[in-house]
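Got chain A sorted already, so can you dock chain B onto it with the hints?
Each chain, letter by letter, is given below.
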Amino acid sequence: MEKSRNKKKNYRGYLIMTGLLIATTTMAVIFFFGFYIRRFTQKSDTNQYDNYYIMIAGDTNSSLWRSVYEGAYEAGLSKNSYVDLLNDFFENGYSREDLMRIAIASEVDGIIVGADESDEMTELINEAAGQGIPVVTLYGDNTRSERCTFVGIGSYDLGREYGREVLEIAQMKHFSTQAQDDETQVEAEKRPVRVMVLVNAYAQDSGQNILCSGIQETIENEKQEGMEIELSLVSIDGTNTFSVEESIRDIFMEEDLPDIIVCLNELNTVCVYQAVVDYNKVGQVNILGYYDSDTIIKAIDRNVIDATISIDTAQMGKYCVDALTEYNTYGNTSQYFIADIELINKENVSLYLDGGDTEDE
Amino acid sequence: MNKKLFAFNNISLQGKISSIYIITSLFVCLVNILLILGINRMSKELELVYLDNLNLNELSAALKDVQTSMTDYLNAKTSDSLEEYYRSSQDFLMLVEELSDDVSGTFYERMKRNIKHMSAGYLEITDQTIEAKRGRNVEKYRVRYENAAQLYDYINTYINNLNNQQFKYNSENYTKLTHAFHLFETFGIGIIIAVIIMNVSMIVKLVGTIISPLKDLSKSADEVANGNFDIEILEVQSQDEIGVVTGAFNQMVINIREYIERIRHSMEVERVMKENELMMEAHLKDAQLKYLQAQINPHFLFNTLNAGAQLAMLEGADRTYQYVQNMAEFFRYNVKKGDETVTIREEIELVDNYIYILNVRFSGDIHYEKKVDKSLMRVEMPSMILQPVVENCVNHGIREMADEGRIWVSVYRTDDVACISIRDNGIGMSKETIDKVISGTYREEELAAGSNGIGMDNVIARLKLFTESEDVMSIISEGKDKGTEVIIYLPVREREEDDV
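Respectively, the protein sequence lines represent chains A and B.
So the first sequence is numbered by the working numbering: it starts at 1 and just counts up by one.
So the second sequence is numbered by the working numbering: it starts at 1 and just counts up by one.
Worth double-checking, as some hints may not be accurate.
[Stated by the list, open to error] Think about it this way: if two alpha-carbon atoms lie no more than 25 Å apart in a straight line, the pair counts; the simulated DMTMM-like pairs of lysine to aspartate or glutamate are:
hint	chain 1	residue 1	chain 2	residue 2
1	A	Lys79	B	Glu109
2	B	Lys16	B	Glu235
3	B	Lys64	A	Glu107
4	B	Lys116	A	Glu127
5	B	Lys168	B	Asp153
6	B	Lys140	A	Asp98
7	B	Lys116	A	Asp301
8	B	Lys64	A	Asp98
9	B	Lys140	A	Asp119
10	A	Lys346	A	Asp301
11	B	Lys116	A	Asp98
12	B	Lys64	B	Asp80
13	B	Lys116	A	Glu91
14	B	Lys482	B	Asp415
15	B	Lys140	A	Glu91
16	B	Lys370	B	Asp481
17	B	Lys176	B	Asp80
18	A	Lys281	A	Asp294
19	A	Lys79	B	Asp481
20	B	Lys168	A	Glu91
21	B	Lys140	A	Glu127
To be clear, the hints were calculated from the coordinates, so they are not data collected in a lab.
Just chain A, same shape as in the assembly (with noise of 0.2 Å):
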């Protein structure tokens, strides 16, 4: 009687499991399918922004104006906004122009450009203001336009630092030179070191001018009784594609190499950096780099390059969302932001290597 009750009870409770079994699991797989289809269909991030800003980058290759855009989009979520680094929408390289167009023509409400002193340039900035479109200028200024903030490093104290530098390196070189003549006897004349600086070929850049001056008149008041330096500026071809590289190569080409070699962007301290390694000039050619790529500074760890700039990249961005929103709430912006930067040599980039991003410190 009991076993026959149990017997019972055994197999509702079974007929029970069985079904919620079932159920369930039909249940789960669906619900799994739906969700896991969802998942992607309906696209990640559907929050909604109150600003959208566009940044033209000037190179889009170089780590720097990736680092830059970085900043700046970390900056601009913060701060509710989108910022988008407009080259990417497009694989057929349109200039900067183009997309300086494309941009006042998508109505955005702000555009951060890597610009420089050009007509044109000009022309579409002051249309973009016209249009009611603030637009920032990053790194490279366009000090004729209507554009409401530069924001770039402060080229005359980099020129010092390059100038320091150069000096030291050539005081270096200087003694080492006079050793050297020491032991081979030779009665030489005392060589001036020299030191070319590669400008952009398009040398209506004044951050770069500036540089370029804050160099001389350092080399000018601080150099040593006896000690001559030769500097040079060297026209880097940079408005075809692939022609800073050629041009580089041809600096190693020919016979009379200069002593040191200052480069004023990432892409020429990469290839110069690639060419004195090619040529096995190491040793014999010193570089000072512009930038904190990976490459730069294993090339720093490695003795090929002696020096290179840091720049808080990610201040940068900051300060130009931060300038464009200022803009667009009280119509009105402080005029220049600088960002910081740092002397990465061999005694500090230690610090680079290990901990990877310390600029900060």
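Just chain B now, kept in the frame of chain A:
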């Protein structure tokens, strides 16, 4: 639930089996429907994957129409192309307005927003161009046309890029979806297999539940067939056909048990009746005996004889006196010891008296000799044993022979048994007769003359009762005219008080 289960128990066997089939089929059906719905939904999603691309293509085509029609109008200024331009720009505007204006976190959405704004600007410029053309402002429309063409180029590139990127993304999605689809299929098949397995086990279990009372029933029926009616009454678990059969079987077993009980009872009654009958017979016999004893009043006879003896003494007839005195003794024994245990001595004395009487009657025909072990004189035995035996010797052994008869009585001990031997020299007995006498089946004619009415069978029966053993008497006869010896065996049980 209980009620529901109750209801399940109450439906017929056919109903049960059908309901199991229906329930399991419904399970499979339900799961299939759910899976099909899921698959349906997924294929719809698959169809939707490239919807964005289609929309963009449409947009691109509409843009191209605008540009072409505008160029046509600028070239030829035909009213057809103007009409075409207005129509296509309207179409394009409609498509553009569908695009979202929000600044979304999603890349494509932002691109679409840009396209929307650029297109609005483009349409404005084309309108202006057309206006300029109509106003024959050559310089203006040429510049505007160039602007429009440039913007057209930008928008087209924009759309193409978006289309490309979205196509890439959608292709990835498509691959993922297809993968998910296959996964879903596999899962679906897995679920169906699981459902089928569960169904099968459920059917097996349910059918087992239905069949189990039948199994119990068949087991019980087997027991009953083997003759064991003492089985447990089966529980009627359900109201279906099996339940009915189980109930009927239970009733049958109960009925059979009742019948057996009844038969046993009537057999008991019959036995008691038979016993009663036997007792009646015994009582009858007893009554018969009492009747026989009552026929002669021994006291009267004894007193009468005593009076005769005194009379004979008074007359000086000594032999008569002796005879009557012996007679009186004989009867007194009968009166006194009718149903008591006596000693061997008393029995021997009775035999002495009896033979004296006979010798007087038959003028001293019988020679009587006795040889007695005095130590056994006090051994107990039932009364009226030896006299009937001696009487038999006289009646059947001696009376019919020509020579003078002799009777030897001896009492002796063999181990622990006291033996009383009574031997005559009469005609002897045949073996058959001896057997009949010993087994008690021999019937002499009732109450022969001179007998006191006690037959050999009675003697043997009383001896058996007294000694509580079967071996109480043996009769030895060596054949015709060779005499007969009757030996009585008694256990040596002596009487306490000396009874002289």
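Which of the listed hints are broken here? The structure breaks hints 7, 14, 15, 17, 19; every other hint is satisfied.
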